[in-house]
Each structure stands twice: as structure tokens, then as C-alpha cells.
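If you read the sequences in order, they're chains A and B.
In terms of my numbering, the first sequence opens at residue 1 and continues consecutively.
In terms of my numbering, the second sequence opens at residue 290 and continues consecutively.
Please keep in mind that the hints were generated in silico from the structure rather than gathered at the bench.
No incorrect hints appear here.
Partner residues aside, some chain A positions facing chain B, computed with beta carbon under 7 Å: (1) T180; (2) L181; (3) E183; (4) E186; (5) N187; (6) G189; (7) P202; (8) M203; (9) M285.
Note that beta-carbon positions come from the ideal geometry of N, C-alpha and C, so glycine has one too.
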Amino acid sequence: MKEKTAIILLLAPFGLLMAVVAAAVGNVLVQSVGYIPAFGLTKPTLDYYLQVFTRADFLSAVWVSLRIALFSSVLSCILGVLVSMALIRCGKTRGGILYAIRAPILVPHAVVAVFIIQLLSQNGLAARVGFALGLLEDSAQFPQLLYTPGYWGTILAYLWKEIPFVAYFVLAFMGSISATLGEAAENLGASALRSFWEITLPMSIPVIARAFLIIFIFAFGGYELPLLLGATAPKALSVQTYLAYTSPDLLQRPLAMAMNAVMLLLSSLLALIFGSLVFRLNRRMGGGK
Amino acid sequence: MKLEIENLSVAYDTGAVLHGLSLQMEEGEFLSILGPSGCGKTTLMKAIAGIVPVQGGHIYLDGQEITALPIHKRGTVVVFQDMRLFPHKTVAENVAFPLKMQGVAKGERLRRARELLQTVQMGGYENRRPSELSGGQQQRVALARALAAKPRLLLLDEAFSALDENLREEMRNLVLQLKEEFQMTVILVTHDREEALSMSDRIALMFEGRLIQCGTPWQVYTQPVSRQAADYFGNCVYLPGTVEQGMFTAPGIRFPTEKAEGNYELLLRPDCLSILDAGDYPVTVETISFRGSDTVVHLRGTDGVLWKKAFTGKVNLQVGDTLRAALTIENPVLFEVSSAQ
Ligand SMILES: Nc1ncnc2c1ncn2[C@@H]1O[C@H](COP(=O)(O)OP(=O)(O)OP(=O)(O)O)[C@@H](O)[C@H]1O
Ligand SMILES: [Mg+2]
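For reference, chain B alone in the conformation it holds in the complex (with noise of 0.2 Å):
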């Protein structure tokens, strides 16, 4: 279901939440929304479905407007952070509460959630009242009630937050293919990096009530349209030099842009550093952990960058080693720097 947010504005009586925000997204489309804590990530998902009144804005589904439609005629169903399972109810109640509410006979419904309830791995569990499941088993639940409503557009508000790696993986998949299945268009909020990076078709980072960025994976990672952008994904370096007569300059390092002339900051991550080859740009060993499927090793570069390169395999390197690294630059960031500074 295409879905089209207008200008969006959300404030409750502690101050406004959400300014301004738009965003588009098309039929069966997989969006993540990433940001720090307390950004209004749960306030933007409450304002698509209905639960907290809109200041200012507009919001389309299907290019019907439903800005002011009641929260049960929308057909958005959110999987909220607090599961909000009913306790009086048991585990297939609750699944079979939006089929009851769409007036589905009872035994059709309990068969129903029987089936959703085996997909999501609970089946056996039918019985039990919500105060009776872990956290990860109340989130797998909390999934299959609403899927069961079957929703024009899921909203996934950290819906996998409470589940172990495996678990998390597997229902990852199930949404995934589920959302093939009924071609839902999903939105998903986490604060795991690699989670939206890897699910989704396109990502909106957003910060203080406004989506700073929204692209692919690849864009967002590779192109951040600011240094928040960039910093949001961690492991950022920035080496700053100069723009002039058309070419970036920096310690060891020179290529066209098309940037004005000024101060910049090119941002440059863990890959660009080569230290296999005999290059131009020396670092020192400062610490070298062992993680397990990796070891990070942090090198102090000659001009006091610190990089933090992880290495697969067998690490040959000692605590004060000097190398000879080189930096490769496919798809040179240039942040401007402001002059203010």
C-alpha cells in the first residue's frame, strides 16, 4: 500500500515531537527508520496509526486521505515496543482478537490463530495467558496478533528487540516472507544498525522529529548527507584539508571535486585503510582486542587519526608496530566545515 506523509507535525503537552516530517513509500515496500532514543520514532509510528492526534500535515494511504480516520478504520496495525498483549485473554485469544473484531466465527478464527501461531514458532502455546511467556515468546505473539489483523501497513516498533540472535534472524525472515505472502508494506523501527541495513529497502535516519536522510542501505551507508548521518553508523574518520581550484587536498591524499573552495572534512571509514600494501600514509599499533569472529586493531595514524579496523584470521601484528598503509577513496564524502568553527 502506497503510503504518503505530508509535512507531518506531532506535539504533546511536554513539546512538539515530530516537525514537519514527509515521507514516501511505495506498494510492498520494506522501510526501516533508524535514530537515537526519545527521537520520535514510537510518536511517528502512533501517528500513522491514529493513536495520537496530528497537529499539522497529511497522511495518504492508497491515496485515500486518513489523517483524520478512526485508529480502527485505518488498517495499520503496529507491533508496539511494550507488546501490550491482552492478560484476561489467552495466547490464542489474543491472535484471534482482530479476526473476532472483523466478526471471523470462533472456530474459524481459533483455527486461524492456531496456523499463525505455528509460524511464529508458538504453536503449543495457545493456552497460556500472555503473564506466562518470556519476553521473546510475547513479541512472537504480539507478531502474529498482528498479522492476523492482516494490516495494509505493519508497523514494527523495535519488534525484535526482546529476541536472542537465532530467534531474531528467523522471524526477520518470517517478516520478510510474510510480507511477500500478503503483500504488506512494512515499516520497521530498531536501533540495530546491521538489522536495517540488511532488511530493508530503504532507510530513514531520523533525528529530533526530522527525517534527515531516507535512501537504500548502499546511500545511506556510503552517501550521509551529514556528519550526524555519518556518525549514526559509527566508525567514522575525517580527515580535514582544503577545496581549492577544484581539487580536495589532505595530508597524502588529492582528487577532483566539484565542491566549492573552503575548509572540508572528507569522511573515510575502516575500509579505505589498506595496510597490506607498502603505501603512503604510516600507522602505529596502539591496541589490538580479540573478539571472537574478528580483531579490532586501533592504528594512530601520523596525523592523529585513530582508526579501528577490524581483522578476520590470524592478526601478525605487535603493540607499537609501525606500517606503511595506504587509503583508497572510491566515493569521496565531503562534509564543509563550517567557518564559524
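The following block holds chain A by itself, in its conformation from the complex (with noise of 0.2 Å):
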């Protein structure tokens, strides 16, 4: 009787999270059909997923986000990892470099658009430099990454921070393998790179690819970034959906939670195909156990 109150204790505040959680789910996808009595729209309809699935602007928005999400989850995965495999060789998975690491990871989203900024606008940090060496004839020349549709500023913040959150994810684990799987491969005749090729980086996949799973989420919803380094249009599917949630029209707010729904459709999609990927990747690893 004991161990059960206990339990129930225990899971009491996920239990509330769970269910506020659902209740806003639930509220978001009431409303998407088109059920605000507030506003006196009583009528369940279809409509507004019809209207976002027709509206060119939010189907920009969704190929905005996959594509930030695609480009900053992959290059960061390929990078970090890297980075990763370049400390283990040299022996460095403790200490002091782990703080270094760590540190982007802390910086709040906001302030990295700020650094982003500073660095690279046509007359930020690197712009100044490149036209100081004589490589640039006017710091005009420095290419445009900023506030661009293709959202390479929005990219390269994301990388600069989920870069080092690669690393810090994969470090420990890539670290054991290597020092074990690894060196027995190299003690079998096969060179650093082809150990790391055939034995560390397969065995790694699975964390790998867990690491690529949050940032692929985090950067497909994520708004600070797409907003303050980003295009006035096309606006990434956070931005839209926000911009028409908190718009004066009353009337657009089934829209927005339609788009909302959506989102969370996509995302929860994504999670799924990816998570029984790698499910059927950690069996043929032989870890499954």
C-alpha cells in the first residue's frame, strides 16, 4: 500500500504535466475546427485545413522549416560528430574541454542571434575583417546571409549552437566504443579512419541519430532564430502560426491553431518514422537487448 501512494506521489506532477498538456492539444485541435463559442462560432468544420493546406504562404512556411530543420540537424550531426571523433584522438573526452563545449550550449537562443548578427550582417565582425585583408573590396561584397529566404543565417546559428551539443551528446559513448570495438579493429590491421568507418561510427548511429531527433524537432518549431535572422517572407511555420494567432482579426484564430495542428501532425510524424528507424537500426547492432 505504502510503495503504491508512493508511486502515485512520484508520478503526480508528470500526471499534471501530461494532462495539461493534452488539455492543450485537445483545446488546439477543438479549436482548428472551427469551435470557439467565446467568439460565437459553434459550427465544427473542416474549413481552415482546407484554407492552410491551399495557402501558398503556409505551405512556404512548411518547406521553410524543413528545410532549417534538414540543413542544421544534418550539418550538425556530420560536424559535431566529427569534432567529436577529433577530441577522442586526442585524448581528450575529460575535463576542461567539456566546459568549453558545453558553453554554446547554455547560450540562449536570443543572444546567439545577437552574436550571429554582430558577426555576420555585411557590416558585422567578419565582413570588416575580410575587407581589412584585402579580400573583400567593400564589405558590401561579404555574402548576403542574413534575412534572406534561403535562412543560411538562421542555419549557421543553429549549427553554432547544436554543433557543440552533438559533440557533447556522442562524446562518452563514441569514446567507450573507440577504446574498445575501435582499437581492436585497428589491432586487426584496419587504419584510424577505416576503424572509425566500419566499427565506431555504426555502433555510434543509434545515439547519433538520437541527438539528430532533438535538434530536428527543436529546429523544425523553433522560433526565436527564423525570426530574428530570417526573411520578412517567406516566414518560417512558427512564425506564420504565431503571426496568426496573435493577429487583431478574431477570425483568424481557427486558422492559426489549424496551422498549429498541422505542426504538431508533422512533427509527431517525423518523430515516429525516425524513432522505429532507429529502433530497427539499435536490433541489427545486436543491442536491441
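With the hints as a guide, dock the two chains, each given alone in a separate frame, to form the complex.
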């Protein structure tokens, strides 16, 4: 009996949290079908979803968010794994270097945005250094990375934060694989590179995939960086949705909610597909148990 | 392949492990390294294979210095204490791995892997994952994988420890046979004294990062250089005595020696004691324990020394019996007792 109460007590905060999330999701879904009695909307309809999917700005927003998420997660995983491998090869898997790596993870996104503007705008630090070194005839020759539909500034900002995240996330695991199985592979005649490619990397795929999923979903729904560093059009999905939500035209509300619902659906779908892929990979690695 | 190690020193961040260790091996030799847990045996294997950096000294293989050579170019393969099979590859792929690294085509390398698995009696397990094998099976796969690399120098780090007695015997014979076939030089790390004594051309005794004795099994067993070395093989008995004017004297024993004058201890093992003779060394039976193939009898000498002697066959003794035993000393080993003690 005592144990049961303890479990219930321990699970209560989690249950409460889940209840809030469920209520919020329910609210989104209900409002997205146009049921908001307070605004005098009482007849459920799928019209708003239809509208969402036929609006060019919404579809391009989905595209922008997917693009940001894909580029930033793929690149940060590749580069983060390389950083982690480099640290392992020089035997720096513990101590001070870990604090250095953790620093960017702790910096808030808004602050990162300011950094990136200072660094990469056409009169920013990089442009001025390039000009001073004579690499650029005019600082305006510096490629336009910010506020463009390509969202490269946003992607770079994510990279700045997420490469260290990936490196930190996979370091301990890759380090231990490399120190045992990787070493055995080299002992059996594999060069350091082949040992990485044949053993350490494939064994670490499940961990890397988990880091990828976290970054992808975060970047897909992230708000500050695309808002602060991106173009006015097309907007990222989160920005577009928030705009619709805060629109003074209250009748936009169900539309915003439909957008929210679609975003949620897309995120969950991606997470689900990805999760099952990782699960299967894990099993093939012989480590499923 | 001829191996020469000169003055090798290795340290981890926890402290020095090998202190200026030297060792020579002839081509095709089988050397066992014996020593207590934590004395640095695995570290020595790893240093030879290039897995741990060395702080000082040189390693030569066939006259070529390999101290700074990267791991994969050394041709020294370790069968690790913890096996280290690749969990994401099948048993056959594991064994074929070194061949893959050598660029052998897929069909050929899998065929060779299958052959090697047959030799270690693991035929039929080709498509299993290492996690689906028992400890002894994993050890055999690890051995097959090491052999697939055709090492110049094979380093076995307690490679037989997880095998039962019968299988262990077979694997020992297999290794000895393959050693001849592949002309390999082999170092075996083991805790099993009998294994070391019976398999090796030579035995190296290691204590606290130093080799204290290196010689044929016969030499190491019968002519230990110190009490530490003697005690490692166990069953030792020491009779205190003195050397004066070229003669060692202890109660009931006297023989000439070239040692300098002083206090000594004479090393004796139970085979020096024969109780069937009507000798001049009385002993009393303290305990009798039957162990299956033999019976161990604890005998207390009048000088207080305890002998643990094994007898085969029926033992007609009773606890409390007093017997007139005799000591036969063929190759006496004397250790000086430092006067400080
Ligand atoms: N990676 C490491 N980092 C720090 N210290 C280590 C490391 N590996 C081993 N040591 C230490 O070095 C010493 C020698 O270790 P080693 O593994 O060579 O012993 P061993 O003779 O093989 O022992 P065993 O018979 O138990 O396998 C031990 O005291 C051990 O604690
Ligand atoms: Mg060891």
C-alpha cells in the first residue's frame, strides 16, 4: 500500500504535466475545427484545414521550416561527430574541454541571434575583417546571409549551438566504443579512419540518431532564430502560426490553430518515422536488448 | 618473428605500470607471462601492440623498430581479455574482418572465416551475433579472428580463461599446432601455472611491472631467483640454516655450497620429502583430505614446518601418526636471509 502511494505521489507531477499538455492539444484541435463559442463560432468544420493547405504562404512556411531543420540537424550531426572524433583521437574526452563545449549549449537563442548579426551581417565582424585583409573590395561584397529566404543565417546560428550539442551528446559513447572495439579493429589491421568507418561510426548511429531527432524537432518548431535572422517572406512555420494567432482579426484564430495542429502532426509523424528507424537500427546493431 | 624489448616504460595517469622492462624472444617461440593480477601483463601486451603509448624504451620486431609504428601496421594481434567482438557483425563477419582490411574479396574471406571457425570448433555459428554466444564460444571466435589476421606475433591475454578444462586443453593444442603451421611467435598471459609450465618454451615471471625471472619452465620452477618467484608456484617450504666454511647446515641437513657465509633459507618442495623411507626427519600427520585424483596430507615436521604432500592411490595413514621421513635434496636453492630481519 505504502509503495503504491509513493508511486502515485512520484508520478503526480508528471501526470499533471501530461494533463496540461493533453488539454492544450485538445484545445488546439477543438479550436482548429472552428469551435470557439466565445467568438460565436459553434459549427465544427474542416474548412480551416482546407484553407491552410491551399494557402501558398503556409506551404512555403512548411518548406522553410523543414529546410532549416534538415540542414541544421544533418550538418550539426556530421560536424558534431567529427568534432567528437577529433577530441577522442587527441584523448580529450574529459575535463576542461567539456566545459568549453557545453558553453554554446547554455547560451540562449536570442543571444546567439545577436552574435550572429554582429558576426555575419554585411557590416559585421566577418565582413570587416575580410575587407581589412583585402579579401573583399567592399564589405557589401560579403555574401548576404541574414534576412534572406535561404535562411542561412538561421541555419548557421543553429549550427553554432548544435554542433557542440552533438559533440557533447555522443562523446562519451563514441569514446568508449573507440577505446574498446575501435582499438580492436586497429589491432586487426584497420587504419584509424577505417576503424572509425567500420566500427565506431556504425556502432554509434543509434546515439547520433537520437541527437539528430532532438535537434530536428527543435529546429523545426523553433521560433526565435528564424524570426530574428530570417526573411519577412516566406516565414518559418512557427513564425507564421504565431502571427496568425496574434492577429487582431479574431476570426484568424481557428486558422492559427489548424496551422498549429498541422505542425504538431508533422512533428509527431517525423518523430515516429524516425523512432521506428532507430529502433530497427538498434536491433541490427545487436544491441537491441 | 624475433621480438626484442629494451627498457620499456609505460605509465597511465594513475602512475607508472611498467618500469624499464626488457625481454627477448626467438622466432617461433612460445612464451608465457605469469604474474599476479594488476602487475601490468595486459599493459605489456598493449604496449607491444601499440595500443598504449610508451614513455621510454624500444620494441623491435625482426630487427625493425616498431616503437612508433601505428597499431595497424605492426602485425601484432592481441586476443583481448574482454574479447571485443564486434556486436553489429555476425560471427563470420567478425572473423573475416582482418581479411577485409587486407582487401581480400568477400567470397574468399567468408570462406576462410568458415574454415577458421571449423578449426576452433565453431562451425555452424557463422550467422549468429556475438551476443548470442556463451563466454567460451566468444573466446574461440576471438581466437579465430586473431588467427585470420595471420599475425607476426600473437598475443593471448588470458585467452582460455572462460573455457572448461576439456575445451581448454583442445584450444591449447590447437594454438600450439597453429603456431607451428603459421610459424607464429606467441606470448600467452595466464594465471594458470600449470598451463604456463606445460605449454611454454619459456616463462617470464612478472611482479609490479618488472620481469623478475625468465627461463624454461624447468628453470623457473626449480631454480627460482627469489622467494617471491618461488612462492608464485606455491607449495614451498623453507628450512632456515646457516652457511659456514662452504657448508650449509640445518637440522638434519648438511651439504656443500659456494654461497658466502651467513643465514639462509633452503627452498624445499613436497617432492623432496619421502615418507616411505626410514629417515631421520620425523613428521606428524595433521590432516588428510581426499580430492579425487589424489589425497593431500598435511605433515608437520619436528622443526614446525608444514608440508602439504599429495599421494595417489590409497593412503594408509591416520591423523596423529608419526612417521620417519627423509629429505632428498638434488638441486638445492638457498635464499639469503637479510640480517635486518
Ligand atoms: N586505462 C588505465 N588507466 C589507468 N590505470 C590503468 C589502466 N589500465 C590499467 N591500469 C592500471 O595499471 C595496472 C596494470 O594493469 P594491467 O591491466 O596491465 O594488469 P594485469 O597484469 O593485466 O592484471 P590482470 O591479471 O588482473 O588482468 C593496474 O594497477 C591497473 O589498475
Ligand atoms: Mg590483464
